[in-house]
Amino acid sequence: MTLITYLGFILILVGLWGMLTNKNIIKIIIGFSIVDTGVHLVMVSIGYLKDRTAPILDSAVLKADAVNQVVDPIPSALVLTAIVIGLAVTALMLSYAIKLYEKNKTLDISTFKELKW
Amino acid sequence: MVKKILLVVLMAFFMLMLLPFAKDFQAFEKLSPTAEKYVQDGPKELGGANLVSSVIVTYRGLDTLGEVAVLFIAAAGVGFFLRREGKNEKAARRQASQILFSGTAFLFPLILVFGVYIFLHGHLTPGGGFQGGVVIATAFVLLLLTDVSASINNSVLHLVESLSGASYVAIGILGLVLAAGFLDNRFLELGEFGSLISAGAIPLIYSFIGLKVGAELVGIVDNMREVRS
Chain A
1 MTLITYLGFI LILVGLWGML TNKNIIKIII GFSIVDTGVH LVMVSIGYLK DRTAPILDSA
61 VLKADAVNQV VDPIPSALVL TAIVIGLAVT ALMLSYAIKL YEKNKTLDIS TFKELKW
Chain B
1001 MVKKILLVVL MAFFMLMLLP FAKDFQAFEK LSPTAEKYVQ DGPKELGGAN LVSSVIVTYR
1061 GLDTLGEVAV LFIAAAGVGF FLRREGKNEK AARRQASQIL FSGTAFLFPL ILVFGVYIFL
1121 HGHLTPGGGF QGGVVIATAF VLLLLTDVSA SINNSVLHLV ESLSGASYVA IGILGLVLAA
1181 GFLDNRFLEL GEFGSLISAG AIPLIYSFIG LKVGAELVGI VDNMREVRS
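Protein sequences appear in the order of chains A and B.
My numbering numbers the first residue of the first sequence as 1 and each following residue consecutively.
My numbering numbers the first residue of the second sequence as 1001 and each following residue consecutively.
Be a bit skeptical, because a hint or two may be false.
Result set (DSSO-like, lysine-lysine): computed pairs, CA atoms no more than 27 angstroms apart in a straight line [what the hints assert, rightly or not]:
1) A:Lys113 to A:Lys63
2) A:Lys23 to B:Lys1004
3) B:Lys1003 to A:Lys23
4) A:Lys116 to B:Lys1003
5) B:Lys1023 to A:Lys27
6) A:Lys50 to A:Lys113
7) A:Lys116 to B:Lys1004
8) B:Lys1023 to A:Lys50
9) A:Lys50 to A:Lys116
Treat the hints as calculated values from the structure; they're not laboratory data.
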C-alpha cells in the first residue's frame, strides 16, 4: 500500500464531495474529473512493485532479467484506456452543459425541472 | 442542514466502503502470471521494447479498438449536440496578443512534429497513438485560441479520421489473414529490436490511432468553440 493509493482514495472522496455539494453543472463535471483521476491513481499504484522501473526495455532493463525489474504493464495499459474514455465522457458532459446553458441560460442544476417529478 | 448531515453520513459511508480495500490490500511481491508472460515473451514475440504498447496494441488490441470506437461515439455525440443550426454568427472578440501570435507561429509546427514523434516511437519510448494524438490536438487548440476566426476544414478532418479508422481495422484483418489473429502485428518483419522500424505493425497501428485521435479531438474542440448568439 503506497502513499499514492491513499492519495487516490482521498481524490475520489474529494471529487464525490464536490459532485454532491455543488449545484453548478461545470463544477459537478470537474468533480467527476477528480474522481476519475483518483481511480487512475489507485489503479496505477496497484500495479506498482517496490523498487522496480517502467516496463520499457532498453540498455538498463535487459530482456533476460526484465521479469525481476519492471512493474506490471497491464494496469498501466488499462489506465491509458481509462484516461481516454474519461476524456471522451468529460467532453460529452461538457457538451450537455453547453446545451443546457443555451436552453436555460443558467448552469444551476436546481433549475432544471425536466426530469423532476 | 438536514441535507448537510445526510451528505456527511454518505461520505462517511463511502469512506467505510473504501477502508477495507485500503487496509487489507497486500502489495504484490512479483508480477502476476499474465504480466509475467507478457514481459517474458512479449519482446521476443512482438519485438516491441515498450511492453505497455505491446499490451495495448497487440495483446489487448481488441480492447483498444473498442476504446477508439468509444472515443468516436463520444466525438459524434458532441458533434450531434453542438451541431450548427443555420449560419452561426462569429462573436466579436478581442484580438489575441502579439505574444500569443508569435508563440503560435513558432510552436505550431514544433508541436505537430512532436506529436508525430510520440506516436511513431510508441513501441520504443513512453508514448503512443493516444498521447501523440492529444499533443497534435493541442497544436490546433493553440491555433484556435490565437485566431478566433480561423476555421478548420471539416471535410479534411473527417477524411483523416475515417481513413485512419478504416486502415486500423484493415490492418487488424490483415493480421488475421497473414498472421495468427486479429490485430496480430507479425505480418510485417519484426526487424531489429529497439530500432525505429521494428515490432511489425505496431508503429503503423499507433500512427493510425494517433491520426484518428488527433482528428477527433480537434473536431470536439472545434465543435465546442462555436459561439452562437
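Each hint tested on the structure:
The straight-line distance between the Cα atoms of Lys113 (chain A) and Lys63 (chain A) is roughly 61 angstroms, outside the 27 angstroms bound, and the hint therefore fails. Distance restraint check for Lys23 (chain A) and Lys1004 (chain B): the Cα-Cα separation of roughly 14 angstroms lies within the 27 angstroms cut-off, and the hinted pair is therefore satisfied. Using a Cα cut-off of 27 angstroms, the hinted pair Lys1003 (chain B) and Lys23 (chain A) holds, with the two alpha carbons roughly 13 angstroms apart. At roughly 18 angstroms between alpha-carbon atoms, Lys116 (chain A) and Lys1003 (chain B) fall within 27 angstroms of each other, so this suggested pair holds.
Proximity of Lys1023 (chain B) to Lys27 (chain A) is assessed by CA-CA distance (about 31 angstroms); at most 27 angstroms being required, the pair is judged violated. Annotation: proposed proximity of Lys50 (chain A) to Lys113 (chain A) is violated, straight-line Cα distance about 52 angstroms (limit 27 angstroms). Of the pairs offered as hints, the one joining Lys116 (chain A) and Lys1004 (chain B) holds, with about 21 angstroms between alpha carbons and a cut-off of 27 angstroms not exceeded. Taken as a hint, the Lys1023 (chain B) and Lys50 (chain A) pair is honoured in the structure, with Cα atoms around 18 angstroms apart against an allowance of 27 angstroms.
Restraint check for Lys50 (chain A) and Lys116 (chain A): the C-alpha separation of about 50 angstroms exceeds 27 angstroms, so the hint is violated.
Against the hints set out earlier in the document, violations occur for numbers 1, 5, 6, 9.
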